[in-house]
Amino acid sequence: MEERSENLEPETRNSKPMEHPTDEEEALSALKGEDRELAATAEAMLWSIWCRSGDREVDLIFRVGVDAMQERRLEDAEHAFGKVITMAPEFAEGWNKRATVRYLRKNFSGSITDCQETLKRNPNHFGAASGQGLCHLSLNEAREAAVCFRRALDIHPHLEGARHNLALAEEEGGGSGYLH
Numbered sequence: 004m005e006e007r008s009e010n011l012e013p014e015t016r017n018s019k020p021m022e023h024p025t026d027e028e029e030a031l032s033a034l035k036g037e038d039r040e041l042a043a044t045a046e047a048m049l050w051s052i053w054c055r056s057g058d059r060e061v062d063l064i065f066r067v068g069v070d071a072m073q074e075r076r077l078e079d080a081e082h083a084f085g086k087v088i089t090m091a092p093e094f095a096e097g098w099n100k101r102a103t104v105r106y107l108r109k110n111f112s113g114s115i116t117d118c119q120e121t122l123k124r125n126p127n128h129f130g131a132a133s134g135q136g137l138c139h140l141s142l143n144e145a146r147e148a149a150v151c152f153r154r155a156l157d158i159h160p161h162l163e164g165a166r167h168n169l170a171l172a173e174e175e176g177g178g179s180g181y182l183h
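To convert, take the position in the sequence shown, counting from 1, and add 3; that gives the numbering used here.
Bear in mind the hints are in silico, worked out from the structure with no lab data behind them. Backbone N, C-alpha and C fix where the C-beta goes; we use that ideal spot for every residue, glycine too. Possibly wrong hints are sitting among the right ones.
[What the hints assert, rightly or not] Have a look at the derived ranges for each label pair, beta carbon to beta carbon:
1) M90 x T25: 28 to 34 Å
2) A170 x R108: 25 to 31 Å
3) A170 x A47: 24 to 30 Å
4) P160 x E74: 29 to 35 Å
5) A47 x S141: 25 to 31 Å
[Unchecked claim] Listed below are the simulated DSSO-like cross-link pairs for lysine-lysine, each with C-alpha atoms no more than 27 Å apart in a straight line:
6) K86 x K109
7) K35 x K123
8) K123 x K109
The task is simple: from the sequences and hints, build the whole structure.
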């Protein structure tokens with residue numbers, strides 16, 4: 004049998020696995036692949052996409068909130084993200100960042116609500132799903148926590164923290180069912 008690669012189009016002859024995702028859809032797909040390095044690149048790309056609202060003023064206030072959160076000025080951060088949510092209620096990451104701040108402030112119920120709002124706007128937000136699971140664990144709600152960690156792992160199977168937390172939730176009686 005003859006080798007015929009010289010007759011193939013260059014893209015076909017040189018085809019290889021995706022090196023870097025080019026958009027959100029490809030990045031989400033890459034999360035599920037076996038290539039952990041590509042999944043890490045895809046995850047970073049998703050965070051970069053998700054942290055941009057498309058409105059310069061909103062993005063500026065969002066950045067103020069992120070800086071305040073990193074400096075552990077949690078009340079200031081929560082205020083900034085609340086303003087982001089008021090200005091751009093469909094911007095999922097505004098809700099997610101406020102959920103993170105509320106978790107850090109031990110307002111687990113408020114954080115759960117914000118995680119749910121994030122997931123309404125971005126059903127692929129593995130961070131919000133996992134974060135909601137952490138809140139449920141903190142409230143000793145193992146079953147609900149397990150459901151959230153499974154959801155995060157369905158989206159991003161390489162999340163080792165979610166995998167570990169799922170095991171903890173299941174040990175605490177989280178079972179294997181899904182909440183609807």
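**A170 versus A47 beta-carbon gap, inside 24 to 30 Å or not** = 26 Å, holds
**Request:** Starting from K35, check that the Cα of K123 is at most 27 Å away, please.
**Result:** The hint holds at about 21 Å.
**Item:** Holds or violated: K123 to K109, with C-alpha atoms at most 27 Å apart
**Value:** Distance ~23 Å between K123 and K109 Cα, so the pair holds.
**Item:** Outcome for the supplied range 25 to 31 Å, where the beta carbon pair is A170 and R108
**Value:** 27 Å, holds
**Message:** Does the beta carbon distance between M90 and T25 stay inside 28 to 34 Å, or does it fall outside?
**Reply:** Since the Cβ atoms of M90 and T25 sit about 29 Å apart, the hinted range of 28 to 34 Å holds.
**Prompt:** Regarding P160 and E74, is the given constraint of 29 to 35 Å on their beta-carbon distance met?
**Reply:** Holds, since P160 and E74 (Cβ atoms, about 33 Å apart) stay within the stated range.
**Request:** Take a quick look at whether K86 and K109 sit within 27 Å of each other, Cα to Cα.
**Result:** 20 Å, holds
**Item:** Assessment of proposed distance window 25 to 31 Å (beta carbons of A47, S141)
**Value:** Roughly 27 Å apart at Cβ, these two residues keep to the hinted range, so it holds.
The structure shown violates none of the earlier numbered hints.
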